Each structure stands twice: as C-alpha cells, then as structure tokens.
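Colleague: What follows is the residue order along each chain.
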Amino acid sequence: MTIREAGQALRSREVSSVELTKQCLDQIAKLNPALNAFITVTADSALAQALELDKALAQGLDRGPLHGIPIAHKDLMWTKGVRTTSGSKIFADFVPDRDAAVVEKLAAAGAVMVGKAGLHELAYGITSDNPHFGTIRNPRDPEHSPGGSSGGSAVAVATGMAFVATGTDTGGSIRVPASFCGVAGLKPTYGLIDRRGVQPLGLSLDHVGPLARTVDDVRVALDAMSDPGRRKPAPASIAEIRVGLPENFYLDTVAPEVKAAVLGAAHRAKELGARVTPVQVPDVEDLNRAGLVILLSEAAAVHHVDQSQHHRRGDFGADVLALLDQGSLVPAADYINAQRLRKLLLAEFHALFRGIDCLLTPTTPITAPRVGQTEVTLDGATHDTRMLTTRFVRGFNVLGFPALSIPCGLSSEGLPIGLQIIARPFEENLLLMLGEALE
Amino acid sequence: VEPDTPPEQLAGARARRAKARVDELLEALRRQTQRLEPEADSALTFRPDTEQPE
Numbered sequence: 007m008t009i010r011e012a013g014q015a016l017r018s019r020e021v022s023s024v025e026l027t028k029q030c031l032d033q034i035a036k037l038n039p040a041l042n043a044f045i046t047v048t049a050d051s052a053l054a055q056a057l058e059l060d061k062a063l064a065q066g067l068d069r070g071p072l073h074g075i076p077i078a079h080k081d082l083m084w085t086k087g088v089r090t091t092s093g094s095k096i097f098a099d100f101v102p103d104r105d106a107a108v109v110e111k112l113a114a115a116g117a118v119m120v121g122k123a124g125l126h127e128l129a130y131g132i133t134s135d136n137p138h139f140g141t142i143r144n145p146r147d148p149e150h151s152p153g154g155s156s157g158g159s160a161v162a163v164a165t166g167m168a169f170v171a172t173g174t175d176t177g178g179s180i181r182v183p184a185s186f187c188g189v190a191g192l193k194p195t196y197g198l199i200d201r202r203g204v205q206p207l208g209l210s211l212d213h214v215g216p217l218a219r220t221v222d223d224v225r226v227a228l229d230a231m232s233d234p235g236r237r238k239p240a241p242a243s244i245a246e247i248r249v250g251l252p253e254n255f256y257l258d259t260v261a262p263e264v265k266a267a268v269l270g271a272a273h274r275a276k277e278l279g280a281r282v283t284p285v286q287v288p289d290v291e292d293l294n295r296a297g298l299v300i301l302l303s304e305a306a307a308v309h310h311v312d313q314s315q316h317h318r319r320g321d322f323g324a325d326v327l328a329l330l331d332q333g334s335l336v337p338a339a340d341y342i343n344a345q346r347l348r349k350l351l352l353a354e355f356h357a358l359f360r361g362i363d364c365l366l367t368p369t370t371p372i373t374a375p376r377v378g379q380t381e382v383t384l385d386g387a388t389h390d391t392r393m394l395t396t397r398f399v400r401g402f403n404v405l406g407f408p409a410l411s412i413p414c415g416l417s418s419e420g421l422p423i424g425l426q427i428i429a430r431p432f433e434e435n436l437l438l439m440l441g442e443a444l445e
Numbered sequence: 271v272e273p274d275t276p277p278e279q280l281a282g283a284r285a286r287r288a289k290a291r292v293d294e295l296l297e298a299l300r301r302q303t304q305r306l307e308p309e310a311d312s313a314l315t316f317r318p319d320t321e322q323p324e
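Chains as they are written, first to last, in this note's numbering: chain A, 7 to 445; chain B, 271 to 324.
If you're looking for bench data, these hints aren't it; they were derived computationally from the structure.
Values in this document were obtained by computation on a predicted structure and should not be read as measured data.
Even glycine gets a Cβ: it sits at the ideal position worked out from N, Cα and C.
Careful, some of the hints might be misleading.
[Stated by the list, open to error] From chain A, some residues computed to sit far from chain B (all C-beta separations above 12 Å): (1) 20; (2) 67; (3) 68; (4) 101; (5) 135; (6) 245; (7) 279; (8) 295; (9) 296; (10) 311; (11) 355; (12) 356; (13) 376; (14) 383; (15) 421.
[To be verified] A short list of chain B residues far from chain A (calculated; beta carbon distances all over 12 Å): (16) 307; (17) 317; (18) 318.
[Stated by the list, open to error] A short, non-exhaustive set of chain A residues, derived as facing chain B with CB atoms under 7 Å: (19) 269; (20) 335; (21) 338; (22) 343; (23) 347; (24) 349.
Construct the complete structure from the given sequences, taking the supplied hints into account.
Modeller: Below, the structure written as structure tokens:
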C-alpha cells in the first residue's frame, strides 16, 4: 500500500491510523528479531499519537498526505524524550531535550513515529554491522548486508515496518541501502533539508533524506521534510529530459547484471521519449579522493574529543576508530586543498550538465555483499567492499547534487539492483518524475 | 600478522597500515592540487554579514 492509497483509506474510514500503526508494529514484532532494523520501538506513544490523529481527522482537522502515516527515524535524528544512540556506545543513553528540525516537520505533517531505526555506528560505514546494537540484515536474504549507514531505515520500509524512514547520506548512506534492499532513496540537494538536531559526520557532506517503497512516497515525504517551493518545477514531460549515459567510469568495474539493468533502464527512458545521449564525465576518481580527504578530516573533527581520550577509545568499533585515526593524520593544508579542488570539480560538472538534465548510473557496482564480506572480486580483480560500494555515490555528496536511487530489477541470486539518477541542484522534481516513470 | 602476535604489536601493525593508506591518499591528492590556481573566493566560505548556525 502506498501513502496516497493509505491516505484515501483513512479519509474514507476504511482504515484508521491506529490500525495502520498496529500493522507496522506487528511487522516489527514479527521480523525485527531476525532483521534487527530497530534499536528502539515506540509502540505506546505511536498508538497514542495515532489515536489523536484519528480523532482530529474525524473532526475535519487534516494535516495532509502524511496524516496518520507510520514512519521511522534513523537513530541519529534527535527525538525529544526518546533515546538517540547514533548507533554508538558513546551516545547509548543520550535522551535529547528537543526534536531535530526534520522530526518536528514530519510530526507537524501528521506522521506517526513507530521507532528509531538502526544504523552503522555513527553513520560512518556502509555495512550496518554494528558492534554495539547488532548486525542489521537484508530482508531479501538475511545472509546479505542491507547496506548502510541507513540500513535499518531501508529494511523498515522494505518490509512494511514503516511507510517512510528518514536517513542521512554523507557518502552514499541513503542510496547504498536503498539499492541493496530494493527501495527508493533520495539524497536531496545539499542544504535542502534542515540538519539541525541531526548527529553530524561530515560537516560539509551530510545530507538528510527519505527512503520509501515507491518514488511517489519519497515525494510525499520530501514535501513534508523541506520547503517544496525551493525546488525547481518539473519539466512538462519526459520528452523534455536530456539523459546523459556515461561512457566512462560509471559502467567500468560493474557486475555484468548491474550494467545490463542500467542499460535497460536507459533504453526504457528512450522509449518513454527522453533524449538519451552518451557523455564523458569529468574525473570521478579525483572527486572521490577529494571527498574522502574531506570526510576523514571532518569526521575526525566531529569526534575528536572522544577519539583522543584514552578511556573512550574502546567505546568505538574497530572500523570506525580506524577511520577516525586516519582522519587525525590529515594535515589542515590537505583538507583545505581538497575543498579547493571540490570547487574546481564542481565547475566541471556544471559544464557537463549544461548539455544534459540528468545522469543515469548504477547506484552500486554490485548487489548486496554477504554480511562480513570485506573483499569482492570483479573482473578478476579484488576490491575493498567499502571502496567499491561507494564508488558511484560519494562524488555527489562532494558536489551536493541531488541523487535518487530506485530499484532496477533483480540479479540471478534474487538480490535488488539499484539505478541512480542525478540532476542539477534543486532539480529533485525532475528526478522524481523520471524515477517514477522508470520504477 | 601471526595469530599469537601480542595486542600492542597488532595495534602497531594496524596503525602502520592505516598511516600507509592515508599517505597514499594524500600523495594522490597533492598531485591533483597542481591543477589549482589562485582563486578570488575562499573554498571555506565565511560570510561575516550572515548568521550561519551549524
């Protein structure tokens, strides 16, 4: 059931928000022990909130499309009175005294919070294999990773534990789990969604966005999470959209099934009337490298106090501590020059986008790896799983361009393949239009 | 690393590997920075006329 279908059923009294909320809570009770999507379930407050929203609707007080719809928040969004762990031992008992701006906005739109979704520790990683709160598992096959860092959010929406879940994306953390779990996930333009009250990681790379089962559900959530007036209008039709299909980088080092699925999507876009043209993209290796230096430095700055205290170092998982230690080795001069390179590369990508309206790429070069798999063999070469998985997504955090991941078929193993569509800043409506046509 | 390696030595080996990875990354970045030219704007934007809450 989509959000709009649920909304119609609510308004025609075929279903109540309490019933929708109970359905989600039942799914959580049934599946969470095996999948570990939630760190905290807020069943009592969700049912109380749903009851109030049912009463309000009966009195004609309608807050809009999200009125009475159950949602989940990634557990690094501050929630007043509800513990917010950031997937970290350090914040395991942290109970905020106020809501994050985006939590406030979604509550004002009538959404019902059913709980706090699990994540990779401190959102610093793509496996969601969390040493403090357990491993989150892929609902398609629990032996496989759901991706991360917003792993719990993707699992929650994929399994009907929630209609929408919030996520954050600093180097692919919304799009990678969306790709691995077969749901839609949007990293909007940098700054479109207010980040106040969201645990930071990469101060100039962090984005907040929604994950949901359909592109239209993502649209409904985005409207509530930000000011729709800041987005540029959608084109009049698909025929007006110029789609760039990269000839370099994005179709190299890709599993053959993923490549075939993306080329199939480009063919469908053409059939729908879009103008699909091959393009050469600027050096994405340079972009990723600058992004990595910026992320290592900024994350080390954010967590410097705890990382530098000997008695606190054991509270970090080994992978996160290693990254924080690496970040503390980056000289300030290199961080500043990475930011200067970022501007140069931004100008090159804007030049590319003068000839196209969007790019089509795979979200991830592979489908979900197995839980604990640290290396992947592709084209006869061995790759680090984390570096391979973030290869196509990280650059758009550096550029701040909006990027949508949608499901694009299944592999022969039955695992989802993700298609990424990228547009110029504030062109989310174009992404949603094309994404909806292709999903 | 041998399985019976003492923890301190293991940590040392990890630290050396981590440093080697960062050195490699920074070396490549520094090759890129040769493309940089003097700019009018700071890459780290600071605008004293506006409030910029984090």
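Colleague: If any of the earlier hints don't hold here, list their numbers in rising order.
Modeller: Hints 8, 9, 16, 19 and 21 are the ones this structure does not satisfy, whereas the remaining hints hold.
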